[in-house]
Amino acid sequence: MSDNPPESGHPEAPIIEIAGMHKWFGDFHVLQDIHLKVARGERIVICGPSGSGKSTLIRCINRLEMHQRGRIIVDGIELTNDIKNIEKIRAEVGMVFQHFNLFPHLTILENLTLGPIWVRKVPKKEAEETAMYYLEKVHIAEQARKYPGQLSGGQQQRVAIARSLCMKPNVMLFDEPTSALDPEMVKEVLDVMISLAREGMTMLVVTHEMGFAKSVAHRVLFMDYGRIVEENTPAEFFNHPQHERTKLFLSQILH
Amino acid sequence: MTVHVYDSRTAEIKPPVTSVGVLGWIRKNLFDGWFNSVLTVLVLALLVKMVPPFVRWALLDSHWLPSGSGCQDAQGACWSIVTANLRFIIFGFYPHDLQWRPLLAMIILVALLFYSRNRKHWRYALGWSWLAGLAVMGLLLRGGFFGMAVVESTQWGGLPLTLLLAVFGLTGAYPLGVLLALGRASRMRAVKTLCILYIEMIRGVPLISLLFMSSVVFPLFLPEGVTVNKILRAQAAIILFTAAYIAEVVRGGLQAIARGQYEAAESLGLNYYQTMRLIVLPQALKIVIPPSVSILISAFKDTSLVVIIALYDLLKTTKSVLADPRWMGFSAEAYIFLALIYFCCCYFMSNYSRRLERELDTGL
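So the sequence lines, in the order shown, correspond to chains A and B.
Here this note's numbering is used: the first residue of the first sequence is 1, the next is one more, and so on.
Here this note's numbering is used: the first residue of the second sequence is 1, the next is one more, and so on.
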């Protein structure tokens, strides 16, 4: 893609700001001293070996996990323990899961309209129009009346993306969106994500799809043992990795 | 390299005759291996020995006339005990001339039940018509308006009483059970402890002791001159008892819902109440349809335990008839009739639950 990453020193405040953040699972120090600023419209790919804390990091951003030290500020609101309207923040931050997590008892259309109707208080008719618009966009409008169980994995993940988009979020988080898919379905999901990127959505993507990282990301973060080890533009990251750990990781996933 | 060309005609070859149709069915279900074949033959022999004598006793040699003439020296069944005492068995001590009122109430109930069978009819209006229907049923039983004589609840009995205890008992116990299950799964310590305490205490005692407590112990705590209707007290005991069992079954359903469902709901911005109502409970309750219907059926039959606090439900009215010297010795016929009524109600419930399961199945 030809567009440039947003200029540093952007007049607008970063949409996500993480400073000195730590998290423990019991005694296990899963995230250590994380610092990260994400500008509006920026696209970041996070990679690293399993257990490195990359999923936990993005789950902290919509508070599916709670951090214990440091600060996380999303769209100007700090995530703290006594936060009253966590639902409001979550509505602004879309999340796509590895295992889709569609609601199996609702039709595709109902999956998409649930959030807008109950959280955004959008009238049903309008919510359905929006839903059809996004289903059209992920090329799956003809399946609107079916149930998730009747769709393939790739189709389900595209529905999950559309479901998040219906909330008109400011940020989209992707937690290994293609890892649970059959190989031949990965592309259809990546294509949807690429077109989303073209429209300027702020995206944080945990993935091992290095092709996607090269073509779409402004920045690539490499994590290991709960730390951000290396952070660079895709070109630098793939061609001149700085750390030994990064080199080893890249040599193992890029054959 | 060989190239396979699929000929469309190969698809038209039919399976062997012995594996389809009636023959196929018999082979697959009755004579599938030596063990099943032996079982089939044994069962057939047993049926040949048992069915004809029963048919002779119950139908061919039986007496039906309410007068009961010829019953004493008959070979077959004396159904006269049922036909002669039908009104007492069904309505108990409800005044004879006013028995059209409970009858009408039951007809309304059955009509509502049948209308509610179809899920397309589940609208708000149906909820309201249930409320109105239950109110009308209560008023019909009690009377006291439009010149209808008042019939005190001490005179209520038989099938209307059984249905009353069951319908109110089940509709009261189910929501209470769901609340208890949510409470037990709650992260709030106090709520959780209270629910666990309640469930374990109720499950630790038999229903009979609860009924006794409601009829003997509970009035002791009331101030002088205050009484609570006996049926109401039994009703409360049944609701409290059944709810504890429903709660545990629903909790099992809650545990079957994957963490991801909660996370997806939360990440959309749904709050706790919405997540439970829209995402978790619809799935959890669907999973636990079979065990909860089991509990509802057994609760329905347990209403017959109210005989021990001297309420005249269907079982008690039947037993009263048997206490009459004229009809002594025909208990088999009376109990078979009673069993048929219970069976019809229970079969309706289990049949409907299977249908619901089928309709709610979305393939994931």
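These are computed hints drawn from the structure, not numbers from a lab.
Some hints could be false.
Said to hold, decoys possible - Below are the EDC-like pairs computed for lysine to aspartate or glutamate, each with C-alpha atoms no more than 16 Å apart in a straight line:
#: 1; chain 1: A; residue 1: 121; chain 2: A; residue 2: 142
#: 2; chain 1: A; residue 1: 168; chain 2: A; residue 2: 126
#: 3; chain 1: A; residue 1: 146; chain 2: B; residue 2: 248
#: 4; chain 1: A; residue 1: 37; chain 2: A; residue 2: 87
#: 5; chain 1: A; residue 1: 146; chain 2: B; residue 2: 359
#: 6; chain 1: B; residue 1: 120; chain 2: B; residue 2: 97
Status of the hints after comparison with the structure:
no.	hint	in the structure
1	A:121 to A:142	violated, 26 Å
2	A:168 to A:126	holds, 13 Å
3	A:146 to B:248	violated, 33 Å
4	A:37 to A:87	violated, 22 Å
5	A:146 to B:359	holds, 14 Å
6	B:120 to B:97	violated, 39 Å
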